[in-house]
Amino acid sequence: EAGVVQSPRYKIIEKKQPVAFWCNPISGHNTLYWYLQNLGQGPELLIRYENEEAVDDSQLPKDRFSAERLKGVDSTLKIQPAELGDSAVYLCASSFQGGGTDTQYFGPGTRLTVL
Amino acid sequence: KQEVTQIPAALSVPEGENLVLNCSFTDSAIYNLQWFRQDPGKGLTSLLLIQSSQREQTSGRLNASLDKSSGRSTLYIAASQPGDSATYLCAVIQGGSEKLVFGKGTKLTVNP
Chain F
1 EAGVVQSPRY KIIEKKQPVA FWCNPISGHN TLYWYLQNLG QGPELLIRYE NEEAVDDSQL
61 PKDRFSAERL KGVDSTLKIQ PAELGDSAVY LCASSFQGGG TDTQYFGPGT RLTVL
Chain U
1 KQEVTQIPAA LSVPEGENLV LNCSFTDSAI YNLQWFRQDP GKGLTSLLLI QSSQREQTSG
61 RLNASLDKSS GRSTLYIAAS QPGDSATYLC AVIQGGSEKL VFGKGTKLTV NP
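Protein chains in written order, with our numbering: chain F, 1 to 115; chain U, 1 to 112.
FYI, nobody ran anything at the bench for these hints, they're computed from the structure.
Backbone N, C-alpha and C fix where the C-beta goes; we use that ideal spot for every residue, glycine too.
This list has only true hints and no planted wrong ones.
Example chain F residues on the side facing chain U (calculated, C-beta under 7 Å, incomplete):
1) Gly42
2) Leu91
3) Thr103
4) Phe106
5) Pro108
6) Gly109
Distance condition first, Cα-Cα at most 25 Å in a straight line; then the derived SDA-like pairs of lysine to any residue:
7) Lys104(U) <-> Arg9(F)
8) Lys11(F) <-> Arg37(U)
9) Lys42(U) <-> Val114(F)
10) Lys104(U) <-> Gln41(F)
11) Lys42(U) <-> Gly3(F)
12) Lys42(U) <-> Pro18(F)
13) Lys78(F) <-> Ile12(F)
14) Lys62(F) <-> Gly96(U)
Based on the provided sequences and hints, a complete structural model is requested.
As structure tokens, this is what we get:
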């Protein structure tokens with residue numbers, strides 16, 4: 001069974017440029033999560049989707065970050081414009097039905113460097 | 001606000017040693033607790049999930065315990081191997097939320 005797929009794996013951009021990350025969850029998983037992981041820290045949730053609906057985006061900096069999950073499958077996370085402090089690893093995870101009881105499966109992440 | 005603390009931040013042991021990693025959380029109203037492993041430059045791999053009603057879970061050489069009332073969990077690794085070297089993260093899901101709250105992790109090095 002294929003795991004959570006993310007692309008690109010690495011991205012280097014200059015500040016003020018836009019950037020987008022893509023995630024394909026495990027087939028059949030209804031719940032999708034985007035996490036931000038700074039160096040030496042645990043991941044922090046940015047947004048959670050149940051199918052197409054963003055049910056928890058309270059941690060998403062909406063002035064520059066946006067996300068979508070069309071058709072309830074793949075998801076894209078965008079930053080525009082990027083700032084130096086956005087350098088981090090962006091992790092996507094999925095679970096079968098959420099509800100707080102399911103295991104979350106993580107992708108390999110996208111490492112973003114903003115120069 | 002839920003806070004998760006992991007001690008120690010780093011641990012270095014010789015191969016074959018049994019070891020314990022510690023995790024504590026401030027709010028005992030949790031749905032479950034998960035232990036993850038993270039290798040450098042890679043995502044997280046779920047090792048064990050303990051539901052709030054359970055006391056422990058075992059998988060191979062790994063055993064995780066949960067004492068919800070005291071806000072503590074331990075991950076026991078038996079007969080450690082160099083391949084166990086990684087960062088181990090503890091995370092809880094708060095009751096009424098589906099958000100995983102992570103600790104900062106324990107970086108484990110097992111020396112041959």
